[in-house]
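J.: Listed here are the chains, written in short residue letters.
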Amino acid sequence: MDAPHIKAGQTMNVEAKETMNVEAGQKIKFYQTGTLTVGNRLLDEDLRTVQASEERSNAITSGHRACQGCGEALGARYALDAAMRAANGKIIAVNATGCLEVFSTPYPETSWTLPWLHSLFGNAASVASGVAAALRRLGKADIRVVAQGGDGGTTDIGFACLSGMFERNDDVLYLCYDNQGYMNTGVQRSSATPPTARTATTPAVGTAPGNIFGTGKDVPRIAMAHGIPYVATASVADLHDLERKVTNAMQVRGARYIHILVPCPLGWGTVTNATIRVARLATESGLFPLFEAEHGEIVASSPIRRAVPVEDYLKIQSRFAHLFRPTRDDAHLAALQAIADKNIQRYNLLRNDHGNDARKEAA
Amino acid sequence: MKTPIQLTPPKGPVELTLPKARQIEGSRAIAEAVGLCRPQVICAYPITPQTHIVEELSAMVKTGELMDCEFINVESEFAALSVAIGASAAGARAYTATSSQGLLYMAEAVYNASGMQLPIVMTLGNRAIGAPINIWNDHSDAMALRDAGWVLLFAETNQEAIDLHLQAFRLAEELSTPVMVCVDGFILTHAYEEVELPTPEAVDRWLPKFQPRQVLDPAEPITMGALVGPESFSEVRYLAHRKQLRALERIPELSAEFNATFGRNSGGILRTYKTEGAETIVLAMGSINGTIEDAIDELRRNGHAIGAVILTTFRPFPYASVAAALKNASQAIVVEKSLTAGMGGPLAADVTLALANTSTPVYSVIAGLGGRPIPQASLESIFERARDRELPETTFLDLHWDAVNQAITKELSWTPHT
Amino acid sequence: MNKPFATTLDVGSSLANHTGSWRTERPVYVDRMPPCNQACPAGENTQDWLYHAEEGNYRTAWESIVRDNPFPAIMGRACYHPCETSCNRGSLDAAVNIHAVERFLGDRAIALGWNIASSEERSGKKVLVVGAGPSGLSAAYHLTLLGHEVTVVEAGAAPGGMMRFGIPAYRLPRTIIDAEIARIVALGVTIRLNEPVEDIPALLEREGFDAAFVAIGAHLAKRVDIPAPDAGKILDAIGVLRELETGESMPRIGRRVIVYGGGNTALDVARSVRRLGEEAIVVYRRTRDKMPAHEFEVSEALEEGVQFHWLRTVTHMTGESITVEKMTLGPDGFPRGTGEYETIEGDALILALGQNVDTHVLDSIPGVEHSADGVVKVGPNMMTGHKGIFAGGDMVPSERTLTVAIGHGKKAARNIDAYLRGIPYVPKVKPALASFERLNTWYYSDAGKTVQPVLEDVRRRSTFEEVVGGLDETNALFEARRCLSCGNCFECDNCFGVCPDNAVIKLPDSAAIERSDSAGSPHSAPFAIDYDYCKGCGVCAAECPCGAIEMVPEEI
Amino acid sequence: MFQVRIHGRGGQGVVTAAELLSMTAFTEGLHAQAFPSFGSERMGAPVAAFCRISNTPIRTREPIADPDGVIVQDPTLIHLFDLFGGLSKEGFVLVNSSRTPESLGLSAILEKLPTGHVRTIPATEIAREKIGRPIPNIAMLGGFAAMTGIITLKALAWAIHTKFPKALAEKNIEAAQAAFAAVQHAIAGEPIAARGEELMV
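If you read the sequences in order, they're chains A, B, C and D.
Taking this note's numbering, I'd label the letters of the first sequence as residues 14 to 376.
Taking this note's numbering, I'd label the letters of the second sequence as residues 115 to 532.
Taking this note's numbering, I'd label the letters of the third sequence as residues 334 to 889.
Taking this note's numbering, I'd label the letters of the fourth sequence as residues 2 to 202.
Where hints are given, some of them may not hold.
[To be verified] Not everything, but these chain C residues come out facing chain B in the computed CB check (under 7 Å): (1) MET334; (2) PRO337; (3) THR340; (4) VAL344; (5) ASN350; (6) HIS351; (7) TYR674.
Please keep in mind that the hints were generated in silico from the structure rather than gathered at the bench.
For each residue, glycine too, the CB sits at the ideal point set by N, CA and C.
Please work from the sequences and hints to get the whole structure.
T.: Spelled out as structure tokens, the structure:
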């Protein structure tokens, strides 16, 4: 019944024909209905995310005392479950002091289901190095070590230990759950707190915009400067990307670092259901670029899908409210936009080759 | 028992197998003793005067003299003990060494290791704490962390330093608690003297393979280092206290067993020297006891009824043993290399408490701070003044009063607003 | 292992801490009304059959369609698909090409000879359907499925009504009409052709029918009085289209044929005239954008060489030309004469100004009322003033489209069924609309609409071959999967994955299981919230792509 | 108990000298103890090291205040510090220099001590010749052995063997022997300067 003459647009489908034939039972090469969702009933199990599986390890399980909509609880489960799958469940986790540790292990209850050790605020990387050394010495190198901490425990107080672990290239995957402040102690500024953000120690008073415009502390790039095998940034807003990066990291030995943005409803002043949305806006605005680096060189970055101005990201967070009320602070908004623009240019984030186009998946 | 002269220089393991005394540096001796205990993870950060110990160990690991051991050069003492904590929690026998500022820099981890009951052994090359910065020996560092929940043992000689390390690993792993072996910086660590090291076989019999009380293992996952609130914290602390008291019982037993095994009486709670019939008993810790013993011999020759107590176990503090050792004395003199400004000698305070139920007065002598020599003559004059009941409650040995008085005068002439 | 007191804990023990008590709002799974379903005059559950289609379960998808509409293949061609107009994907990139998928399914059903099984138990009731048009056939079909014995009497020589006589073959091949009507007949419906009914009550009486559904359509062409002194040739559109369908040899209409009107019928007839090799000129009194005809009809007509004269009214005609007055649109959007005139060359004029109902058959029935233009008054249950006689399709007040007519057939059937069983028909309550704002479209990847193949222009000027081709399976599947599944869970696992408290449970993957939340409200999503741990943060609802989770306040 | 204090500057092997002396005594079957005057390890800084030798175990660890022997590896220190403080009346002094004690301004100490208890040897030159590096410490020990007789050259050689790799050990032993010989010649009444010149050839 097809007409002989085919109009433009058909060609794509002709190509697609080879790759798709459901009745022939071949793999579906693309699907629109929720391409970026956690799972998809149209897709083979092994092509879905770890989180889509009922068999996921739930490294941190129910009953923890994290706030409603906690991005860190989510990010930790995302990352560790992926790591657990990659290591066939053989993971030991070391945890720095902070929200994650406090809300997950108040005696007599722990939410962890894997072997987990908390020592101090600033030494997670070193403790993990010790665990790795012991495992190597005890001939249990099949057991992998993950260290995790918040931005405070990583970019501030734990920074020296982190750098030492990197420099020795110890066989540890360090996961930094960055919620951009000391939330556990009541939202104080950390070196990861963005400029202008209001915290308990960087109040926005009068014309003072909250946190200062410092030079910034780009820990992923500092990690790269150590030349370690793998560095990546990830976000709870893009699970496929996050799991892929954790899996990549688990494929190599040596020091690895993944910096994961985990919004904090309490500290950021967002509604509890906006956790993933605000993380998405951070990336789509260019303020939190997603990239991968190997041995100190950037090897990949995730282009922005639906570009937005930084304002869209800022205005849903009360920690930035002073930029919009009582009067618009154009100067600082422009300065923040400039930061995003720099990222966009540095990581080439506005190219249009994201793998989320059904046509590309089909091809 | 002297070593027959060897025509060829001693070499690594071969030498270790010779159960004979050798004239070597204290740090080397300690390193070899630690090596005999087969640690699986050693973390090192340089700080004078413990540096030679980890240097020797790194060489032993490199040459294969010490096998199956991870030697990790870390970026700070804080990291050093943290690595040891991780290694111990993962089931490895872990060791590190430090001194002075290094101990303070790792202070947080020191408490953490004991709180988590990890059987780590650490050598402390005792050194003063700044400011003013001072690299020489005294006991300020050990005193600063005396209440961190570790067992603290003090060595009088390098031979004892060796023996204490062998006992420390046994004690630590039996009770699952960390142990610190205190060795006077430079005075012992840098001293060349004769020491006897046991054979590896003998040490293997003495120290069985490490069986961790708890271990991180995917096969049997646990959560280590939970948050504990008011409802249970007191219980946790009480149990820590009880464990220390248990150590107090176990230390002498181990010392006796060690004596039976290696034929050397070392370690234990304390030793007495010529205390029988002594009216005056001097109590001290560490290497200064050698000079004290010489002084006592000298004074005894002059008919002075004086003896000494060499305190080896400082934490847990053996109140009963100290009281018993001093019970027949009419006065006790505590010679110590530390000062708690505004309070006096911390060791003297503990001894005073031990003698609380007696009428025996305790005199405190603060000596050897920041490496100041403690000449035998100075000690003898102190002891004689004590015999003549002329000793003030606290004496600062060989203090340069002129300098002090000048400074005080200057101090008084200054007021903030002039 | 000898665990130290308090500082070392057994894993997973926090399960004892039921954080559900923190909750002030609870997430609840819902099934919302997708805009496509809401917009479908035939009440098709579009989202549902696309859901099955995107899995490749074409038979299930097709069966979902025919539960509401017996003509998928016809719909996929002739329906003006309001579903696509309202499709949420239109606000994202382009609306899902729903009609193309429906056509694919319809054609597949015909090709593979799929049939519908009627329910076993019969009611013993007999229903008369007057008129074998879309409405009548739809009613007959649904009544049969409901267990009644149905006879359709048709005045014409072939069933199909406007499907056959109103829509040219190049848009709707006759084989398709025949195939889908044949399926209805196979279901057990009796169709009697060439049987004009004069007295419905008598027929009911005579043959013992328990009820009747009258759907005789609107076939009387509206006329305007156009002075034509030289007896210029003036025809009506419906007549021409019927002639095209039935007449063995079509008599030549003219060399330059002028079509007067702007509706779909006007364009159908103009495009037909082109296919007969003549010139076709459409004259319409308003502007292009004001034409009632669908835009695609206009553009396709232009492609085929049909000429248009907008803002013109025909005032006079001779044998060779017509005179038209130029119009302008007033502020109210209505055309006003300008007094300027011009002449358009043309030797025939076809009037396409709409149709009226031929009501004489109803006049005899007591109680049936109708307006001047013949539109029959019916109640909400589609019953006329005469008990047991229902009416629908073009003859009742409503938009006159194929799909509306089919919808009437279904609605009437359900009401007649209720009438026959003596119980009131209660339509089930429609859920809230799944509007675009309720979606989280970030999760859908970019996928432009699939374009259907189109017949090359030359052949569109000479033959009645179908202009628009169908999709092959690959494209149909691709298109089906462009569906956003608005308001209805498509099992993307987002809620399962994004819950910071692991408080979402997957239910056994079986359609049989009765799914409902703890409050007992049923839903199709194969998930449940574990209210022991759910803190009510609402992330699941916010990140549900299709808006199938609702946050409702807890009673505190 | 025989107590020795060795003075010199960082880099001259002062501490090593004390250690070797203790090891030598140890190999002789005596008890010995050596330790440095502790300080940060910098080249050029004045350094002292101590060695106690005894027939009975040594308990005290204090710096030696009343030495029986003083070895001065760097004559430039002579007038900077009181190198001979507490030296016993029967004590020994050996200074590294190609000049005579008198010319070094050691008259005062020469008078205090018995004849032959104050000597100089050109240890640096000896070292330069035998070892190839101006490290005088071993040569000084060789001289000290000859001068005091508290340790034998043989035992010193063994100690050197124990301490150094073979090649370096042998060179050092040569230096020790040369110095030992030089002092013996001096004792035999030959002018040390001459020996020195000879050695410098």
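J.: With reference to the structure, classify each hint as holding or not holding.
T.: Do the hints match the structure? See the list:
Checking MET334(C) against chain B by beta carbon gives a least distance of about 5 Å; that is within 7 Å, so the hint holds. Here the hint on PRO337(C) is kept, as its CB sits about 5 Å from the closest CB of chain B, short of 7 Å. Interface restraint check: THR340(C) against chain B, minimum CB-CB distance 6 Å, threshold 7 Å, status holds. For the restraint placing VAL344(C) at the interface with chain B, the shortest Cβ-Cβ distance is roughly 5 Å, inside the 7 Å limit, so the hint holds.
For ASN350(C), the suggested interface contact is broken, since its CB lies about 13 Å from the closest CB of chain B, more than 7 Å. The interface hint given for HIS351(C) is broken, as the beta carbon of that residue sits about 19 Å from the closest beta carbon of chain B, more than 7 Å. Annotation: TYR674(C) was flagged as interfacial toward chain B, and the flag is violated, the nearest CB pair being 94 Å apart, outside 7 Å.
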